[in-house]
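K.L.:
Each chain, letter by letter, is given below.
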Amino acid sequence: MARMDAVSKRTAQKIEKLAEQVMRAVKGGKNPFVEIPVRSLANVRFDPKKRIVQLGGQRQKRYFFNVAMAKKFMQTFLVSDACKELVESGKTTSIRDLYYITKHTIGETRQNTFEEQDESDPIIEDLEVALDALREELHLFASRKGSMVGPVTIRDSGDTIDLRRMGSGGWAVPSIVEENVIEFVRHEARYVLLIEKDAVWTRFNEDKFWKRERCIILQGGGQPPRGVRRLVQRLHQELKLPVYVLVDNDPWGFYIYSVMKQGSINLAYESMRMAVPDARFVGLSSFDKDKYQLPGNVAIKMDDGDVSRAKQMLAYPWFKEARWQREIQEMIRSGVKFELEALSRRGISFVTEEYLPRKLKEKDWLE
Amino acid sequence: MARPAVRQLELVPAEPAGRKPARLEVARPPRAGVPVPAGAGAGGAAGGEAPERAAAAPAPRAPKRRATAEQMAQRQREISISEFFTKNRHLLGFDNPSKALLTTIKEAVDNSLDACEEAGILPEITVEVRDLGYESGLRRAKGQAEEPAPERARGAGGHHPPDARSDLSKGEGRFVVVVEDNGPGIVKAQVPKIFGKLLYGSKFHRLKQSRGQQGIGISAAAMYGQLTTGQPIRVVSRTGKARPAHLFEIQIDTRKNDPVVTRDDELREWHQEHGTRVELEIVANWQQGQKFVNRYVEHTALANPHATVHYLRPKQERLTFPRATDELPKEALEIRPHPHGVELGALMLMAAESRSHDLKGFLGSSFSRVSPAVADEILKAAAFKGRVRPRDLAEDRHLAESLHRAIQATKIMAPPTNCLSPIGDALMKKGLVSFLQVIESEGPQEDGDGQLDLDHATKRRATGASSRKAKVQPDEAGPERAGGSGGPYPPDLEEGVEKIKGHNYFIATVTRPPRVYRGNPFQVEVGLAYGGSWPADKPIELFRFANRVPLLFQRGACGVTEAVVKTDWRNYLLSQPRGSLPVGPMALLVHVASVWVPFTSESKEAVAHYPEIIREIQLAAQECGRKLATHIRKRQHADYQAQRRSIFELYIEEVARALGKITGKSPVPIQREFLRVAEAVTEAELEERSETAPPASGPRPRAEAPGARAPKDASEKVSRNPRRRDEDE
Ligand SMILES: Nc1ncnc2c1ncn2[C@@H]1O[C@H](COP(=O)(O)OP(=O)(O)OP(=O)(O)O)[C@@H](O)[C@H]1O
Ligand SMILES: [Mg+2]
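Top to bottom, those sequences are chains Y and V. Counting from 13, one number per residue, gives the positions in the first sequence under the numbering used here. Counting from 627, one number per residue, gives the positions in the second sequence under the numbering used here.
Among these hints, one or two may not hold up.
[Claimed, not checked] When the alpha-carbon atoms are kept at most 20 Å apart in a straight line, the in silico EDC-like pairs for lysine to aspartate or glutamate are as follows:
hint	chain 1	residue 1	chain 2	residue 2
1	Y	39	V	1265
2	Y	375	Y	318
3	V	1291	Y	250
4	Y	115	V	1275
5	Y	83	V	1275
6	V	1287	Y	130
7	Y	83	V	1265
8	Y	115	V	1194
9	Y	42	V	1299
10	Y	39	V	957
11	Y	303	Y	374
12	Y	29	V	892
13	Y	39	V	1279
14	Y	83	V	1194
15	Y	83	V	1305
16	Y	157	Y	200
17	Y	42	V	1194
18	V	1291	Y	374
19	Y	39	V	1305
20	Y	42	V	1275
21	Y	61	Y	333
22	V	1287	Y	342
23	Y	83	V	1279
24	V	1291	Y	32
25	V	1291	Y	300
26	V	1287	Y	100
27	Y	84	V	1163
28	V	1253	V	1305
29	Y	42	V	1265
30	V	1287	Y	97
31	Y	84	V	892
[As the list claims (entries may be wrong)] Computed list of chain V residues with no C-beta within reach of chain Y, every gap over 12 Å:
hint	residue
32	1047
33	1055
34	1275
35	1279
36	1297
37	1307
[Stated by the list, open to error] One-sided and incomplete, this derived list gives chain Y residues near chain V with beta-carbon spacing under 10 Å:
hint	residue
38	34
39	38
40	76
I should point out that these hints are in silico values taken from the structure, not numbers from a laboratory. We put the beta carbon where it would ideally sit given N, CA and C, even for glycine.
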């Protein structure tokens, strides 16, 4: 067994405590349970002072002697056991790997402990909140996606990397970007720009926007993974860089911005270490179609799902501000949405040469 | 000895004319195996044999031809019946050697059951099939002298070609079919005509529910035997203790359709006080035909729970279906035809036969439900000018037509229904139970694919092993009520569930009130057996019966099938592919009883598609289906209960192992503690459940569980439950 650092020791103890508590209940002839904070919209609060989404106090009991819960109960301990082993051996693995580690056939049946990864991923999140341990502390990481370039030099697991010289693909953002893995060495960036889409990010990189503007550009392939979000927060907090978010003009784009800013409902327990309440929304705004003279035929009609989602957003506490309400209502009113690529109708580099510079110059953003 | 039968059978009228000759002309012997003597050309034979040449008739136009036509007409009257059915034996169910085996047995058994019922005797019937080829092989092996059977065959005219056997296909050979009953016996003088004359019987001219109708059955079988083996039918019959038994050997002079008695002996001794034994030697195919016979015998026992049937087969153990009741079926009374059911031709025929002098008398005496007032009404509607006698109707088609119309236009009371004798709910259930007992213990049966339209295996068993095991445990025989000692969580048997050889079957039956189609009363009954060892993933078994006779062929063409397919079984929790039988572990019995079952053909294999009949079957099926759905729901509930406990047991091992690894302790005591809690939790929950919503059947807590109060409470709840449900309805 590898020597454990203090954090790992604490994590292993937490898992042990969980198991012992169950065994004590069974010994006493009681139906054993695991208490798990509820991870749903109903148990999510917006903290107006910290301006982030946080988990409320609701907890649910997962009993073993309950037909609907028994399997999940069992799965919780299979995952606990596997994580404890990872922590003790000092190894880190992907959540997909963990799925395979814990998957096997039960007894002489044709039933498996887990049928799909979709079953084991939420159990991991349950365990995180139940133990109040971060995923990283459980030695797990999610699939990696996201890239970054900019005038900054970092140290990644001891290797010094100059993000000004990353070619066309950029530096792949790892899942775990804590201080012990990633350090910021030196930089001359003025701000951070998070772009929703890989393709648009590639345009920015190719046009050397980051060099001209002296900024760091990141993309997270749609909804940014935890690594990207954590890194953006660190850049914001440690290097004091303002954060701008560039997303599609549709409810999903708005939601990405909202997660960057306040944290997600699903991972509300991690908002503290991920959210950037000061993040600014630079586009695409529902009013840009007029301001930047986008032809009508690049618009996409919203479907019913889009509309209802947009209406839900009107009720989000962090979108209660008048300008946001106007923004969303305009989207609903017009009934159309735009992708970032729609800007290319005005020229292939319109977005990097005219659109964004003008936005920033005019301070045309929402917060 | 009879005239060479085979040669006569080859007779073909050169120029058929008259009623059915068109068929005669095209019909050739359906099987290559039918011996055709060399030189016995149709023309030559016909020319050579016309003994009763008619007196020359007047010759208006073409004298020569017309004279021939007259001759033909004469000859047809003499030979058409036997001739027709020889050529068209498929119409009577003798299409091929495997089906002929079944038909022969069926005709004899049906007659025995009819006779016993009519005489008020509880039937005890023996069906025996003997493989002559196998037996002579055995004798040869023992060095015994061979019986001169082949010799005798040739002796019967010598026209049986010796090479006939070379045509025999696999499994085909000579068999003796024996059917014996304890019925009233047959008066000596009648025996020859009954077995040696087609269209001779007691049931054709009356309207009464019976198996036989036409007066063809047994004599056709005799004819088939004679045709294929040259052997006469052997009959032993005795009508009472005081009277001697007689043994007959009878051949059919097919040309004249008359019996030729080749042996008539008084037996000094016979083991039956009264009864009839029929022996037929036929060419049959046991290998392919046995599945039909097995099914016929099983199903006959099923639909006739008052009968005991012994079944003896080559190389197999004797099988007995004991009677399930000592109660004879209600006697079916004979009725006169109902006016609304009569067709024009029949009306004319009846008028011709009437001994009444006036129409009012004719109507009143020939039909049921025609009172003098009703007769007046009919005659008023017919508005005949002048006096019309029944005799006039028989001759004048127009007059008959107006009377027919008038009858249809008059409101007449529905026919009496005491002519029907359904099996009845209780007996149908008993029949199903004893049927299931026999097939459960008989073991699985290998069934080749029936090329005929026979539903698949008689008992497609999910596993053969379980039923064989059941045989080893004789103490388990017999239906059990009350929760048995089955699995770890024995469910109490709910109402309608029978435990048969360790398998639980849900049995429901429905008898519909009598209805009328085309003036003929009929009645539909449906019974189902669900669960047990029927496979769950195959279409259900559909058992069709008409007047207690199993219908084994032409399932697709049968109105019963149509009605069952048209019923939406998904309402009753079975799956059902579009336009097909439902799928599920079930056997469905449908019985149509009528004074005249409308068959689609003379072989009596499929019921015609009368909308009235189809609708009744559907209604009965629906009623049964609703009972089934209630049962399935209950069972699903019980399954769920058992399942939840097994779920816990399944996961406990996993959880204990994980907990043990995390805490560094042995998983065994952890597992034990979990199991202990599992029992306590489930029991407490069950008690809670039975207080709030008592399940009709649920798993009982394990015997070792503390507190025997719970199961008692639960069972009280169970017995209270049905009553409450009745009130709700
Ligand atoms: N085993 C028997 N015991 C007493 N009577 C019999 C027996 N078998 C036949 N009979 C009498 O012989 C008659 C002729 O039988 P057969 O089978 O030829 O015709 P069926 O039964 O009337 O009609 P179907 O052609 O529909 O069978 C019967 O109507 C019955 O009266
Ligand atoms: Mg008959």
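K.L.:
Measure nothing beyond the straight line between the CA atoms of residue 39 of chain Y and residue 1279 of chain V; if it is 20 Å or shorter, mark the hint as holding.
P.N.:
holds (16 Å)
K.L.:
Hint check: residue 1253 of chain V vs residue 1305 of chain V, CA-CA at most 20 Å. Holds or violated?
P.N.:
violated (33 Å)
K.L.:
Is it correct that the beta-carbon of residue 1279 of chain V has no partner in chain Y closer than or equal to 12 Å?
P.N.:
Its Cβ does come within 12 Å of chain Y, the nearest being 6 Å, so this is violated.
K.L.:
Checking one constraint from the list: CA of residue 39 of chain Y to CA of residue 1305 of chain V, max 20 Å. Satisfied?
P.N.:
holds (14 Å)
K.L.:
Assess, step by step, whether the Cα of residue 42 of chain Y is no farther than 20 Å from the Cα of residue 1194 of chain V, and give holds or violated.
P.N.:
Violated - the C-alpha atoms of residue 1194 of chain V and residue 42 of chain Y are around 48 Å apart, more than 20 Å.
K.L.:
Regarding the pair residue 1291 of chain V and residue 32 of chain Y, is the alpha-carbon distance no greater than 20 Å?
P.N.:
The hint holds at about 11 Å.
K.L.:
Against chain V, run the beta carbon of residue 34 of chain Y and see if the smallest gap drops under 10 Å.
P.N.:
Hint on residue 34 of chain Y: holds, closest Cβ of chain V at ~6 Å, below 10 Å.
K.L.:
Is the claim that residue 1275 of chain V lies outside the interface with chain Y correct, judged by CB distances over 12 Å?
P.N.:
Since the minimum Cβ distance to chain Y is about 9 Å, residue 1275 of chain V lies within 12 Å and the statement is violated.
K.L.:
Decide if the proposed pair is consistent with the structure: residue 84 of chain Y and residue 892 of chain V, CA atoms, cutoff 20 Å inclusive.
P.N.:
violated (86 Å)
K.L.:
With a cut-off of 10 Å on the beta carbons, see whether residue 38 of chain Y makes it to chain V.
P.N.:
Nearest chain V Cβ about 5 Å off; hint holds.
K.L.:
Hint validation: residue 76 of chain Y versus chain V, beta carbon distance must be below 10 Å. Holds or violated?
P.N.:
holds (7 Å)
K.L.:
Could you let me know if the closest chain Y CB is still more than 12 Å away from the CB of residue 1307 of chain V?
P.N.:
At roughly 4 Å from the nearest Cβ of chain Y, residue 1307 of chain V sits no farther out than 12 Å, so the non-interface label is violated.
Hints 1, 2, 3, 6, 8, 10, 12, 14, 16, 17, 18, 22, 25, 27, 28, 29, 31, 34, 35, 36 and 37 from the earlier list are contradicted by this structure; the remaining hints agree with it.
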